[in-house]
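Visitor: Here is how the chains run, residue by residue.
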Amino acid sequence: MLELKGLSKSFPGVRALDDVSLSFEPGEIHALVGENGAGKSTLIKLITGIYQPDRGEVFFNGRRLGFRSYRDSLAQGIDIVSQEIQVIPESTIAENIMLDKMVTRRRTGIIDWAAVNRRARSYLDMVGLPLAPDTVIKRLSAAQKQLVQIAKALAADARVLLLDEPTSSLTEHEAGNLFGILRGLRDKGVTIVYVSHKFEEVFALCDKVSVLRDGRFVGTKRIDDLTQAGLVKMMIGRDVTETHLGRLDAEGGREMLRAEHVVRKDKVEDVSFAVRAGEILGFYGLVGAGRTELARVLIGEDSLDAGTIFVRGEKARIRNVADSLERYGIGYVTENRKEEGLLLQSAVSTNITITVWPRIVNRLTRAISRSKEVAITRGLIEGLSIRATGPNQKTEDLSGGNQQKVCISKWLAAECDILIIDEPTVGVDIGAKEQIHQLIWDLAKTRRKAIVLISSDMPEIIRIASRILVFRDRRVAGEISGVDDGTRTYAEVSAAIGTYLN
Amino acid sequence: MAKNDPKRPGPRSPRAEEGDRRERISGRTLGLIISAAILFAVLALISQSFISGYTMFVVSRQMAFYVLVALSQAFCLVVGQMNLAVGAIGSITTIVLGLGLETWGLPAWLAVILALGVGFLAGALNGMLITRLKIDSFIVTLSMMFIFMGLRSGISGGSPYKVPESFSFIGQKTLFGVPYVFLLVVLLLGLVGYMFRNTIFGRRLLATGGNAAAARLSGIATDRMVVWAHVLSGAFAALAAVLWASKLGSAAPETGDDWLIISFAVAIIGGTGLSGGVISALGIFMGSAIFMLIKHGLVEVKANPYYANSFLGLLILLAIVVDRVRELYSDKQKGK
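Taken in order, these protein sequences are the chains called A and B. Numbering follows the working numbering, in which position 407 of the first sequence is assigned residue number 407; successive positions increment by one, without gaps. Here the working numbering runs 1000 ahead of the position in the second sequence, where the first position is 1.
Careful: at least some of the hints might be erroneous.
[Claimed, not checked] The list that follows gives simulated cross-link-like pairs (lysine to any residue, SDA-like), each with its CA atoms no further than 20 Å apart:
no., chain 1, residue 1, chain 2, residue 2
1, A, 394, B, 1247
2, A, 338, B, 1216
3, A, 372, B, 1327
4, A, 394, B, 1327
5, A, 198, A, 208
6, B, 1247, B, 1327
I should point out that these hints are in silico values taken from the structure, not numbers from a laboratory.
With the hints as constraints, model all of the structure from the sequences given.
Guide: Encoded structure:
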């Protein structure tokens, strides 16, 4: 049994964990949930010795663990599977799994590759990965890499497995496979700690759930004694509604963007759609189904192989993002704000006004008007309730939800009336998520923006879209209209989406 | 939001509280100014002749060249790239200048324009190869360095070209005791600082270096910015070469041989970010002052000149270590 007693950890100015006591039994899958910043990652890093606690202790089977590094934790059979601790891309599967226990021929120190591959093979069988052990890791999909990490943990004879958001890059099918493997491990007596913010998973997979909020332990419950609403309440400390935000009347709206038979080789096949002012058109599907790929074609980042795009009724030729911004007024909020959306080291004002610099430049001095820059930024900070200390705050220091609002703001600053918003609430707190949903809905309802919302989050898309296109295998598999008219329940719409997916 | 955010470190740090104010001089640049002042004071104390008109003339003029060479590197660093050919572009420029003035007998102004044009084109070529063919700037500029160096040796045969007496005016004369070269460079540095702080062009260069993908997806033609960065880099290397010839009173083929290391040293000490997106004109000025003062100090204390390169290397390493320690410290403060 893994027991945490009175763990506390502070960073200057931040109390990340405050007196957390918790225990994880062998043979159970124990979910650890909480909003971003609730202390889940800190807790895992304390267990595995990546951080040292200020106060408190960790016991494993009654013995006190005093880990000083991740290596110590591995030696005790406690392993972590996460996006951060990655496999070595240029090495083979076998090399990764057997990294610290290579089989060598007697005394010579020369590696016995046949034996190494044979052993690696047996661990691959355990996780159900039908690949040759000498396959190079970089050829593997995200799901397969995850399985290699688990195989590696098994090879290390892990008795405690900590999984940090393991399904964030997996398809539903792959996630299902992973769950099967985890259940198998549980039945063999492995303790599994499962960090996630996807409720469907927590309820489908886990036996128990422990909740952290603001660095404090809220409680542990058996999953059977809990409803989704109850869990959300534990996480954020209050109730949240799940109904549609309200009817968007797009019927009379002008058609802003239309795609006809758009093809991007190997990415998008023959997709057609149209979106009106005041409408939120949802693109639902799995990662790689062609939604983001289509968005990149629409904004000119990737070229169009066949098909036609019309903007405001006229045939458009969008060669690059500058075109889509300046000539067509299309804004694209990227799916990963840190990698592609923001200049993290720059001020909030830079990130918001980057799209409008040419419009606020002084003709004579060629200088960007600082006062206009500040005014635009202030307007959006207030308008979107962005929590920042001011226009000059470093963007990196904002929370995920506020960073996302900055990403949306830059297109509002440029007065784009067509917005393509890609996975707006990934890695965002529940509270901030609600605000962003409300914001997107308001942009369509009151400011009459034409919005394409790309999301893999079914509750999200059903909650705010007026119409949903379901993408599968690079094509549109089906369309569900009138999502916002209040005639169908959430369950009915999600069932309709399900039929198109399969 | 208030509910979810109390753990966020950002708004708590005292500096972020002043998120409205824009810092004019960063703490780092202030550190450079203080270091330079200390070095200056020490030199003034140990050397009788240091605060003399002649020493000041030599020091300030030399500093100006360091600034130009550092800027040539910094334009590339700022977009997240590097230019290993700064010195080689300088030397090929010198050759063209020498050919123009001596061999072809062109008027000085035309030879200068021709020479600057060569620097401009060399930079453009680097930029085009990097962006069009998607080759790493390291490889492109490394190859170019050798190509240019070979050309300069082949064409010149190693011997310097004569330049007319009048050509030496800007490199050797002063205005109220201040070298023209120094005045020109201070002016240029001011323009560069203004450009990065206030103009669209400068801000776009910074954005490209800060996060190329985000900049491109915000409508910035990042490839074009990279080409421009290399063009500016080439142009500044060429300008440094022309002024150097004016200072020497001849177009010497070995011009630029020691620029590569100087360009990195001064740019890095001056606070130019190695991964792009960060530059400070005042920082580069102070960086070149510190670099110059240390070099001068080593002469004053009669250090063995054979060890000069070791001091150079140590200085660069020290500058990077100091930055890295500051970075780690501030990450710790934020609890990352």
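Visitor: Need the status of pair residue 394 (chain A), residue 1327 (chain B): alpha-carbon distance at most 20 Å?
Guide: With a Cα-Cα distance of about 15 Å, the restraint between residue 394 (chain A) and residue 1327 (chain B) holds, given a limit of 20 Å.
Visitor: Would the hint linking residue 338 (chain A) and residue 1216 (chain B) be met if the CA-CA limit is 20 Å?
Guide: Holds, because 14 Å separates the two Cα atoms, which is no more than 20 Å.
Visitor: Given the hint that residue 198 (chain A) pairs with residue 208 (chain A), test it: the Cα-Cα distance must not exceed 20 Å.
Guide: holds (15 Å)
Visitor: Run the distance test for residue 394 (chain A) versus residue 1247 (chain B): straight-line Cα separation, threshold 20 Å.
Guide: violated (44 Å)
Visitor: Could you grab the alpha-carbon distance between residue 1247 (chain B) and residue 1327 (chain B) and see if it respects the 20 Å cut-off?
Guide: violated (40 Å)
Visitor: For the pair we were handed, residue 372 (chain A) and residue 1327 (chain B), check the Cα-Cα distance against 20 Å.
Guide: Violated, at roughly 32 Å.
In summary, the numbered hints that this structure violates are 1, 3, 6.
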